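Those protein sequences? They're chains Y and W, same order as listed. Letter by letter, the first sequence follows residues 82 to 259 in this note's numbering. Letter by letter, the second sequence follows residues 5 to 272 in this note's numbering.
It is worth saying that the hints were derived from the structure and are not from the lab. The model shown is predicted, which means the values in this text are computed figures rather than measured ones. Heads up, a few of these hints could be off.
To be verified - No more than 30 Å apart at the CA atoms, straight line, and that leaves these computed lysine-lysine pairs for DSBU-like:
no. : chain 1 : residue 1 : chain 2 : residue 2
1   : Y       : Lys141    : W       : Lys69
2   : W       : Lys250    : W       : Lys240
3   : W       : Lys78     : Y       : Lys131
4   : Y       : Lys141    : W       : Lys78
Stated by the list, open to error - So, partial list: chain Y residues that the calculated Cβ filter (under 10 Å) puts toward chain W:
no. : residue
5   : Gly88
6   : Gly94
7   : His101
8   : Gly102
9   : Phe105
10  : Leu212
11  : Gln217
12  : Glu218
13  : Cys230
14  : His240
15  : Leu246
What the hints assert, rightly or not - Pairwise CB distance ranges (calculated):
no. : chain 1 : residue 1 : chain 2 : residue 2 : range
16  : Y       : Ala234    : W       : Gly72     : 38 to 48 Å
17  : W       : Pro58     : Y       : Ser92     : 28 to 38 Å
18  : Y       : Arg99     : W       : Lys78     : 42 to 52 Å
19  : Y       : Val237    : W       : Ala28     : 21 to 31 Å
20  : Y       : Ser92     : W       : Asp25     : 39 to 49 Å
21  : W       : Thr26     : Y       : Leu90     : 38 to 48 Å
22  : W       : Ser41     : Y       : Gly140    : 36 to 46 Å
23  : Y       : Gln217    : W       : Ser60     : 12 to 22 Å
24  : Y       : Thr259    : W       : Arg65     : 34 to 44 Å
25  : W       : Arg21     : Y       : Asp248    : 21 to 31 Å
26  : W       : His64     : Y       : Ala234    : 32 to 42 Å
27  : W       : Gly56     : Y       : Asp248    : 11 to 21 Å
28  : W       : Arg31     : Y       : Tyr132    : 40 to 50 Å
29  : W       : Thr26     : Y       : Asp138    : 27 to 37 Å
Virtual Cβ for every residue (Gly too), placed ideally from N, Cα, C.
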Amino acid sequence: MLAVRDGDLDSMGELFERHHGPLFGYLTKLTGNRAAAEDISQVVFQRMLKYRHTYRDEGKFTAWMYHLGRRCAADHFRKSSSAPVAVDPADLADHPDEARSADESAVARDDHALLHRALGRLDRDDREVLLLSRLQELSFAEVAGILECSVGAARVRAHRALKELRDHYLQIQKEKHT
Amino acid sequence: MNCQSCSEKMAELADARLDADTAAQVRAHIGGCAECSREFGEISRMLAALDGLPQSPPSHRLRAKVMGQIETEKLTLLDQAQFASSIRSAAGGRPDGRMAWQRLVVRAIGVCAVLAAGFALGERTATQRQLADLRVRVDTMGQLVEQSVLQKRTAGDRLETVLTAARSQVPDERVIDGLINSLAFDPSVNVRLNALSGLYRHSDQDVVRAGVLACLPRESNPLVQVSEIDFLVAAKAREAAPELRKLSLDEKADADVRDSAKRAIALL
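Turn these sequences into a full structure, and let the hints guide you.
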């Protein structure tokens, strides 16, 4: 990003290739909508390009990218002014593991659909902190920086969100069986 | 460790993000607490399921759009650079700016030497401050203009940078190129007017007069056009006469602009 800031715009292409996958994955889970995740990803890279001169070599690039991602997602939610509806597994384009048997794949697909539904039932803030905390490239300190709260608060919020998710998951499972 | 504290650390234990001591304490609690042990099992399964959600790549449209944005930005920068370069070529190479820049570097080296001597004599703090000031004035101004004026920010940001550049007494080539580019390309009339105002103190340079003259036919706002004509008159830019004549006869131009152009021809 430092090279991009200093005028080497070709490096922007490399940054895109390296980071757009995880960013898109995060936004897909956050919004529950592939088309919206694509739009937001595009805006994130557009803003990186536009505000490249504001990039400071403090902290990790990925933390800055997810910070922009969070802002862009918030703009998106504000404009659409509706809570994201996460849960059309077909829309999320599951790719079953081809090595699995048909039965195993079907079970996995069911589990994924169930989890997507559970994610969709979380508050957006809870979903956000939970998904950020699952990104391997971010430490809790960086997640806290993105959420503009203390590290302790980020930990507690992620923990609560995870428990909420588990409760929703078990609840949906129960609804399915009854 | 109590159950609450243990519970809050379970996710990090599952991710192996805890330090060894804390991890041992959490494990010891889980080992002795059936409720926490059950919860840890559920949390671990939930995390594994969450991490195991398949991620399909985005469509090719995303790549195409982002790459298109990058190419557009590159073309915009190229356009601006070529404009500045063509102005310098039209003004006969880079005589004024380059010479001034070289003189400035020599002067800066001289000042640095004096300051370094002061440093050796023990005036450490004052000297460091002066050196920092010098760096800001000599080195940063060009970058500031190049990176802020030429790139897209809000009109307020661009105006602030242009005003800072306009106050610069140093005839830095990049500052001047930045101001000319702002005059030529900035979408805000306010920013363009302030860029022009900033160029007044450098109006003795050929490249500045050529730059303003090149901007005149590109300009569509009558207020800026009249201001540019006033600038050319103040700078005694006789080479502007043909362009002014053309403008004075242009029926599509604003009446005030045509009048200003006629007046300017008479004055020049």
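Status of the hints after comparison with the structure:
1. For the hint linking Lys141(Y) to Lys69(W), the alpha-carbon distance of about 25 Å falls within 30 Å, and the restraint holds.
2. Proximity of Lys250(W) to Lys240(W) is assessed by CA-CA distance (about 18 Å); at most 30 Å being required, the pair is judged to hold.
3. Straight-line distance between C-alpha atoms of Lys78(W) and Lys131(Y) comes to about 12 Å, which keeps the hinted pair within the 30 Å bound.
4. Annotation: proposed proximity of Lys141(Y) to Lys78(W) holds, straight-line Cα distance about 25 Å (limit 30 Å).
5. At its closest, the beta carbon of Gly88(Y) sits 7 Å from a beta carbon of chain W; the interface hint therefore holds under the 10 Å criterion.
6. Annotation: interface hint on Gly94(Y) holds; nearest CB of chain W at approximately 6 Å, less than 10 Å.
7. Of the supplied interface hints, the one on His101(Y) holds, with its beta-carbon coming within about 7 Å of a beta-carbon of chain W, less than 10 Å.
8. A distance limit of 10 Å between C-beta atoms decides the matter here; for Gly102(Y) the minimum to chain W is near 6 Å, and the interface restraint holds.
9. The criterion of a C-beta within 10 Å of any C-beta in chain W is met by Phe105(Y), whose closest approach is roughly 5 Å, and the hint holds.
10. A least Cβ separation of about 8 Å between Leu212(Y) and chain W falls short of the 10 Å threshold, and the interface hint therefore holds.
11. Taking 10 Å as the C-beta cut-off, the interface hint given for Gln217(Y) holds, the closest approach to chain W being about 8 Å.
12. The interface hint given for Glu218(Y) is broken, as the beta carbon of that residue sits about 13 Å from the closest beta carbon of chain W, more than 10 Å.
13. Among the interface hints, the one on Cys230(Y) is violated; its C-beta lies about 15 Å from the nearest C-beta in chain W, farther than the 10 Å criterion.
14. For His240(Y), the suggested interface contact is upheld, since its CB lies about 5 Å from the closest CB of chain W, less than 10 Å.
15. Taking 10 Å as the C-beta contact cut-off toward chain W, the hint placing Leu246(Y) at the interface holds, the least distance being around 6 Å.
16. Checked against the hint of 38 to 48 Å, the pair Ala234(Y) and Gly72(W) passes, with Cβ atoms roughly 40 Å apart.
17. In this structure the supplied range 28 to 38 Å holds for Pro58(W) paired with Ser92(Y), their Cβ-Cβ distance being about 30 Å.
18. Between Arg99(Y) and Lys78(W) the beta carbons are some 19 Å apart, a value that contradicts the proposed interval 42 to 52 Å.
19. With their beta carbons about 22 Å apart, Val237(Y) and Ala28(W) fall inside the hinted range of 21 to 31 Å.
20. Checked against the hint of 39 to 49 Å, the C-beta distance between Ser92(Y) and Asp25(W) comes to roughly 42 Å, which is consistent with it.
21. Evaluation of the 38 to 48 Å hint for Thr26(W) and Leu90(Y) yields a pass: the beta carbon distance comes to about 45 Å.
22. At roughly 37 Å, the beta carbons of Ser41(W) and Gly140(Y) sit within the given window of 36 to 46 Å.
23. Between Gln217(Y) and Ser60(W) the C-beta distance comes to about 19 Å, which sits within the given range of 12 to 22 Å.
24. The beta-carbon spacing between Thr259(Y) and Arg65(W), approximately 42 Å, falls within the hinted interval of 34 to 44 Å.
25. In this structure the hint that Arg21(W) and Asp248(Y) lie 21 to 31 Å apart at CB holds, the actual value being about 23 Å.
26. At about 40 Å, the beta-carbon gap between His64(W) and Ala234(Y) stays in the expected band of 32 to 42 Å.
27. At roughly 20 Å, the beta carbons of Gly56(W) and Asp248(Y) sit within the given window of 11 to 21 Å.
28. Our hint of 40 to 50 Å for Arg31(W) and Tyr132(Y) holds, since their Cβ atoms are close to 45 Å apart.
29. Against the hinted window of 27 to 37 Å, the Cβ-Cβ separation of Thr26(W) and Asp138(Y) comes to about 32 Å, which satisfies the hint.
Of the numbered hints stated above, those contradicted by the structure are hints 12, 13 and 18, listed in ascending order.
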